[in-house]
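Chains as they are written, first to last, in our numbering: chain A, 1 to 213; chain B, 1 to 213.
Some clues are possibly wrong.
Which copy? The list can't say, so a pair holds if one copy fits it or any two copies do.
[Stated by the list, open to error] In the DSBU-like style, the derived pairs of lysine-lysine whose C-alpha atoms are separated by at most 30 Å in a straight line are:
#1 Lys181 to Lys44
#2 Lys125 to Lys44
#3 Lys181 to Lys27
#4 Lys181 to Lys55
#5 Lys44 to Lys55
#6 Lys44 to Lys27
By construction, these hints were calculated from the structure, which means they are not laboratory data.
There are 2 protein chains.
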Amino acid sequence: MPTDHAQAEESTRDRILRVAAQMFAEKGFHGTGVAELGDAAGIKRGALYYHIGSKEDLLYDLSKRHVEEALERGRTVVESDLRPIEKLRALVREHLTALVARRSEVTVVMREMHALTGDRAERLKQLRDAHQDLFRQVLEEGVEEGVFRSFDSVTVLAILGMLNWTYVWFDPEHGSLPIEKIADRLSDIFIYGELQTSSKQQPERGTEHPTGA
Amino acid sequence: MPTDHAQAEESTRDRILRVAAQMFAEKGFHGTGVAELGDAAGIKRGALYYHIGSKEDLLYDLSKRHVEEALERGRTVVESDLRPIEKLRALVREHLTALVARRSEVTVVMREMHALTGDRAERLKQLRDAHQDLFRQVLEEGVEEGVFRSFDSVTVLAILGMLNWTYVWFDPEHGSLPIEKIADRLSDIFIYGELQTSSKQQPERGTEHPTGA
Numbered sequence: 001m002p003t004d005h006a007q008a009e010e011s012t013r014d015r016i017l018r019v020a021a022q023m024f025a026e027k028g029f030h031g032t033g034v035a036e037l038g039d040a041a042g043i044k045r046g047a048l049y050y051h052i053g054s055k056e057d058l059l060y061d062l063s064k065r066h067v068e069e070a071l072e073r074g075r076t077v078v079e080s081d082l083r084p085i086e087k088l089r090a091l092v093r094e095h096l097t098a099l100v101a102r103r104s105e106v107t108v109v110m111r112e113m114h115a116l117t118g119d120r121a122e123r124l125k126q127l128r129d130a131h132q133d134l135f136r137q138v139l140e141e142g143v144e145e146g147v148f149r150s151f152d153s154v155t156v157l158a159i160l161g162m163l164n165w166t167y168v169w170f171d172p173e174h175g176s177l178p179i180e181k182i183a184d185r186l187s188d189i190f191i192y193g194e195l196q197t198s199s200k201q202q203p204e205r206g207t208e209h210p211t212g213a
Numbered sequence: 001m002p003t004d005h006a007q008a009e010e011s012t013r014d015r016i017l018r019v020a021a022q023m024f025a026e027k028g029f030h031g032t033g034v035a036e037l038g039d040a041a042g043i044k045r046g047a048l049y050y051h052i053g054s055k056e057d058l059l060y061d062l063s064k065r066h067v068e069e070a071l072e073r074g075r076t077v078v079e080s081d082l083r084p085i086e087k088l089r090a091l092v093r094e095h096l097t098a099l100v101a102r103r104s105e106v107t108v109v110m111r112e113m114h115a116l117t118g119d120r121a122e123r124l125k126q127l128r129d130a131h132q133d134l135f136r137q138v139l140e141e142g143v144e145e146g147v148f149r150s151f152d153s154v155t156v157l158a159i160l161g162m163l164n165w166t167y168v169w170f171d172p173e174h175g176s177l178p179i180e181k182i183a184d185r186l187s188d189i190f191i192y193g194e195l196q197t198s199s200k201q202q203p204e205r206g207t208e209h210p211t212g213a
């Protein structure tokens, strides 16, 4: 029956992706062989290429799955009726939630996605650009409403850096705060900065270097 | 003569590290064999282990060299007489300058340092903690002087994320701003935040979630 067959296929594919993520994490993308990947996933030699195709397909599928999920979560936020500050906070929460939802997979994606080449690299770049653009849109709405300062691509890459770097340090088993608290802290830093605003000892932004840097 | 011999040794080691960084970048740490590394560096088979030791030693040396350089640059800033805001700006500049000074090596270090194990992993962690602590010290000085808000480890990891993530996107050959400008932009974001402070439409930090998030 086609439906059962499709389900069985899907579950084989999911198993392969899970095993691939584990092996890429342990031995790196380049250090993992297709044949040993097949062995670990229980795929018979004759069916290896049918099920696994190229290793790069697997890395692409893992990467795409993560970015598409983050993109879908983010689009819902951007299309909502929230005001810009709340939209930014929600976007941060959704992005971090997507990062931790498949934490070990995302770690592999972050470390290894540079290994994608050609058309796969290009398609993933388009997805990541679309995701990055969500942050740009929310900042732009905020500037139009007069709540955010003007911004540029460095601003967008700054917040994505704060968020994406959590893959290196976020570790709920070793005392990290819950991800929602981290999302709120990072949003606060990005929105309000670290300057103690009651302080009268420091000049306004940008004026302490009147001649430029 | 011992001096010439020491110089010759050092230059062989530097050559090996350069070749190792290139090969780790292309084929990953786990995908690179010691023998092919020796071939690429022009080391004869009999001298292979004498000169190269383990692959992990090379990854450790690359990582250590980078973190020690960043640490040394940062310590000079922290020990200076600058005020906390200027100290933070200088620390950001020095960190980004260290990141771009050996850009291709640092890219490998960022992607592959998780592959270090045991004592080497522990020693690198201590170096990275010492570097992270420089940011903590400067924030603390700022809090004591009343110019920075209170902070926690998430604050420190936020700025390190903004800075370290540049390894993914900073690309002077494809239109990135000069690294000094990027340093100033990232410092501004971290110090002042993105809120348009002349705006009267938004509540103060933290008050828009009176019940917590």
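Which of the numbered hints are not met once you compare them with the structure shown? Those not satisfied are hints 1, 2, 3, 4.
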